[in-house]
Amino acid sequence: MSDFNTAPLPERMLMAPHADALGLSLVSIEKGRGTMSAPWREELVGDPETGVIASGVVTALIDHTCGLAINSAMGELTPIATLDLRIDYLRPAAPRTGVTAEAHAYRLTRTIGFVRAEAWDVERGDLVATAQAAFMLNTRAQPLKG
Amino acid sequence: MEDTAIQSLDAFLQKVPYVRFLGMRVELAGDEMTAVLPFQRTLIGNPILPALHGGALGGFMELTALAQLSLAQPGRRVPKTIDITIEYLRSGRAQDTYARAILRKVGRRVANVQVEAWQDSRAQPIAGLTGHFLMRNED
Numbered sequence: 001m002s003d004f005n006t007a008p009l010p011e012r013m014l015m016a017p018h019a020d021a022l023g024l025s026l027v028s029i030e031k032g033r034g035t036m037s038a039p040w041r042e043e044l045v046g047d048p049e050t051g052v053i054a055s056g057v058v059t060a061l062i063d064h065t066c067g068l069a070i071n072s073a074m075g076e077l078t079p080i081a082t083l084d085l086r087i088d089y090l091r092p093a094a095p096r097t098g099v100t101a102e103a104h105a106y107r108l109t110r111t112i113g114f115v116r117a118e119a120w121d122v123e124r125g126d127l128v129a130t131a132q133a134a135f136m137l138n139t140r141a142q143p144l145k146g
Numbered sequence: 001m002e003d004t005a006i007q008s009l010d011a012f013l014q015k016v017p018y019v020r021f022l023g024m025r026v027e028l029a030g031d032e033m034t035a036v037l038p039f040q041r042t043l044i045g046n047p048i049l050p051a052l053h054g055g056a057l058g059g060f061m062e063l064t065a066l067a068q069l070s071l072a073q074p075g076r077r078v079p080k081t082i083d084i085t086i087e088y089l090r091s092g093r094a095q096d097t098y099a100r101a102i103l104r105k106v107g108r109r110v111a112n113v114q115v116e117a118w119q120d121s122r123a124q125p126i127a128g129l130t131g132h133f134l135m136r137n138e139d
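Top line first, the protein sequences correspond to chains A and B.
Just so you know, this note's numbering puts 67 at position 67 of the first sequence, and the rest follows in order with no gaps.
Just so you know, this note's numbering puts 29 at position 29 of the second sequence, and the rest follows in order with no gaps.
Hint data in this document are derived by calculation from the structure and do not stem from the laboratory.
Some hints here could point you the wrong way.
[As the list claims (entries may be wrong)] If we take Cβ atoms under 7 angstroms as the criterion, some of the chain A residues that face chain B in the derived model are:
1) P17
2) P48
3) I87
Glycine included, each C-beta is placed from N, C-alpha and C at the ideal position.
With the hints as constraints, model all of the structure from the sequences given.
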């Protein structure tokens, strides 16, 4: 596996430890858009009575896919930080079924990126969640920022 | 704290697989609940900083809201999340994270819950979440 700093974007998106732990996979990428999937796994269930995947997993998938869309829009690998993320959970996903999310970075300013995302389980047109997010662009590593 | 409330909370924490996946636990002081997310490498989103994944933090805060609701409404099924708004204030560092939830309104059908997460200092939260949850009676 190559270094996180120098890996190409698609590869780098899968190297984040939390994305790896969730088992996220890359479906497609084009300028300003990205699609990723989260598989169904027993340990990711949020409702044990129905076997439906946890909404937290959908949150992480959407956040990650929004980051992919912004990075692909910028055409370079720059550090970004989520400012806010609003998610509407339209309906529970089907039991024992994974989720796919597509994000569109539809407006980038020098400092802020605006992204919309949609998530579905089986059919692209039958959504489980919609989301709206804003990201800060070109953040610098400031691990001790208080 | 009533036994039924604590049993309700324990049942929620033990039966939801995603709680164990994140490694979340809670501490109770009377009716005051603090949720704890012990640091582990699998929570990292950006290995360079390193920083916790925003989705892991969001999932943790949502579970904190659901845990607080299970304490307040023992015997009811786990509520369904209707919507959440997450605000990220500071980068989450590679260390333990804490969260507390405030039940701003628990109606018959819908609850509004606000959660704040912090690391070193509660006065400097790293993220906040406001969510609406659909309350469900036993079927």
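A quick look at each hint next to the structure:
1. P17: holds (4 angstroms)
2. P48: holds (5 angstroms)
3. I87: At 5 angstroms from the nearest chain B Cβ, A:I87 passes the 7 angstroms test, so the hint holds.
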